[in-house]
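Chains as they are written, first to last, in our numbering: chain A, 1 to 93; chain B, 1 to 286.
One thing to keep in mind: the hints can contain errors.
[To be verified] Looking from chain B toward chain A, a few residues come up when the C-beta cut is under 7 Å (computed): (1) T56; (2) Q58; (3) L59; (4) A62.
[Unchecked claim] Only some residues are given here: those of chain A computed to face chain B with a beta carbon under 8 Å: (5) T27; (6) V52; (7) K60; (8) V61; (9) L68; (10) I70.
Think of the hints as simulated: they come from the structure by calculation, not from any bench.
Every residue, glycine too, gets a C-beta built ideally from N, C-alpha and C.
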Amino acid sequence: MSNPTADRQLTAEGVAAELQKFLRERTKTDWEPDTDLFASGSVSSMFAMELVVHVEQTFKVAIAGPDLKIDNFRTVNAMTALVLRLARADDTA
Amino acid sequence: MSKEEPTPRLAVLGAGVMGTSITTLALIHGVPVVLVESDPEKRAGARARVERELRTAQLLGARPDIPEGELVISASAADCRGADVVIEAITEESGLKVKALTEVDAAVGADTALVTNTSSIPVDELAEALPHPGNLLGVHFMNPSYLIRTVEVIRGSRTGERALASVERLLTALGRRGVRVGDGPGFVTSRVLHRMINDAARVVQEGRATAEDVDTLMQECLGHRTGPLRTADLIGIDNLVDSLKVLHERTGDEGCRPCELLLRKVADGELGRKSGRGFYTYAVGL
Numbered sequence: 001m002s003n004p005t006a007d008r009q010l011t012a013e014g015v016a017a018e019l020q021k022f023l024r025e026r027t028k029t030d031w032e033p034d035t036d037l038f039a040s041g042s043v044s045s046m047f048a049m050e051l052v053v054h055v056e057q058t059f060k061v062a063i064a065g066p067d068l069k070i071d072n073f074r075t076v077n078a079m080t081a082l083v084l085r086l087a088r089a090d091d092t093a
Numbered sequence: 001m002s003k004e005e006p007t008p009r010l011a012v013l014g015a016g017v018m019g020t021s022i023t024t025l026a027l028i029h030g031v032p033v034v035l036v037e038s039d040p041e042k043r044a045g046a047r048a049r050v051e052r053e054l055r056t057a058q059l060l061g062a063r064p065d066i067p068e069g070e071l072v073i074s075a076s077a078a079d080c081r082g083a084d085v086v087i088e089a090i091t092e093e094s095g096l097k098v099k100a101l102t103e104v105d106a107a108v109g110a111d112t113a114l115v116t117n118t119s120s121i122p123v124d125e126l127a128e129a130l131p132h133p134g135n136l137l138g139v140h141f142m143n144p145s146y147l148i149r150t151v152e153v154i155r156g157s158r159t160g161e162r163a164l165a166s167v168e169r170l171l172t173a174l175g176r177r178g179v180r181v182g183d184g185p186g187f188v189t190s191r192v193l194h195r196m197i198n199d200a201a202r203v204v205q206e207g208r209a210t211a212e213d214v215d216t217l218m219q220e221c222l223g224h225r226t227g228p229l230r231t232a233d234l235i236g237i238d239n240l241v242d243s244l245k246v247l248h249e250r251t252g253d254e255g256c257r258p259c260e261l262l263l264r265k266v267a268d269g270e271l272g273r274k275s276g277r278g279f280y281t282y283a284v285g286l
């Protein structure tokens with residue numbers, strides 16, 4: 001039986017690195033994994049939906065219900081944890 | 001919403017940026033909406049655009065924990081029949097708005113309040129061409145409507161008490177606070193903001209600062225929430241130019257004549273967030 005997470009080889013380091021790359025391209029700023037993207041005001045809350053779509057398309061996960069909240073997208077670490085949790089849930093479904 | 005007040009019935013004309021945003025605001029507050037869009041292509045994509053806005057509202061914590069209102073998408077103004085309030089949110093062009101409002105007036109009863117979401121055309125100018133001018137007033141919702149809790153309410157010289165009361169009931173149901181202002185080109189917000197955005201764009205046009213630097217200075221020195229040029233991208237640069245033209249034509253204020261950079265961006269299809277590029281770049285449609 002195939003294992004989607006294994007097929008995608010999702011690791012915390014890999015997910016975080018991809019997210020940091022995307023953020024660097026879009027905001028022209030380097031982001032530490034635990035820095036709140038929205039606290040400084042340099043990233044608008046409207047950018048958060050762009051992050052959601054990027055995460056869904058890049059990591060092939062669906063974000064809905066209680067997971068669709070800003071706290072899951074505040075930091076690279078929060079997004080990484082969400083991606084890994086959703087991908088593992090897919091695998092066990 | 002008060003238990004004594006029945007849920008208002010709302011119709012929205014135009015499934016563009018503002019029509020979609022206002023529809024989303026209503027649905028998350030449990031208010032049913034008939035969304036009328038005459039353009040087949042825009043109509044076909046309307047439900048998906050509303051769904052995306054509903055997701056954004058949830059993401060940003062703007063969605064009350066109540067059942068969503070029902071959405072009906074229609075091609076015909078006749079389907080506004082039965083609405084308590086009809087809000088037009090179509091292109092910022094006086095003739096088009098009068099035509100749309102006249103069609104709706106023929107479909108709805110004399111008790112239905114008609115609202116223009118114009119950002120700059122005086123209410124009286126539209127009302128004088130309508131069969132029931134007393135039914136019209138202006139409510140200037142900002143984008144995104146579900147995040148910005150205050151709206152500008154414009155009472156024309158002929159706006160009746162009944163229409164005003166209907167709209168105030170709707171705003172209460174939507175959790176919005178209305179600030180009532182006098183009629184005139186651009187009212188308060190557009191008269192002040194759009195001229196300022198035009199000046200900000202002119203500074204970039206003259207090569208004296210980048211868009212990022214203009215916005216950073218306005219945010220970090222003057223406390224502007226997003227910066228004028230990010231705001232331009234959110235409004236839609238084509239809509240902004242239309243509004244500036246209305247202001248320039250009606251006030252004669254040269255500061256409101258759209259600057260070359262704004263006109264060039266419109267000609268190049270760089271309309272802001274909705275087209276994926278304006279002063280900044282975006283994922284298309286976000």
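Each hint tested on the structure:
1. This hint holds: B:T56 has a C-beta 5 Å from the nearest C-beta of chain A, less than the 7 Å allowed.
2. Interface hint at B:Q58: satisfied, since its Cβ lies 5 Å from the closest Cβ of chain A, which is below the 7 Å cut-off.
3. Given the 7 Å rule on beta carbons, the hint for B:L59 holds: about 5 Å separates it from the nearest Cβ of chain A.
4. Among the interface hints, the one on B:A62 is violated; its C-beta lies about 10 Å from the nearest C-beta in chain A, farther than the 7 Å criterion.
5. The criterion of a C-beta within 8 Å of any C-beta in chain B is not met by A:T27, whose closest approach is roughly 10 Å, and the hint is violated.
6. Checking A:V52 against chain B: minimum C-beta separation of about 6 Å stays under 8 Å; hint holds.
7. Because the beta carbon of A:K60 sits about 17 Å from the nearest beta carbon in chain B, more than 8 Å, this interface hint is broken.
8. Using the Cβ-Cβ criterion of 8 Å, the hint placing A:V61 at the interface with chain B is not satisfied: the shortest such distance is roughly 14 Å.
9. Against a cut-off of 8 Å between C-beta atoms, the interface hint on A:L68 holds, since the closest Cβ of chain B lies about 5 Å away.
10. Contact between A:I70 and chain B, as hinted, is supported at the beta carbon level, the nearest pair being about 6 Å apart and thus within 8 Å.
Violated hints for the displayed structure, listed by number in ascending order: 4, 5, 7, 8.
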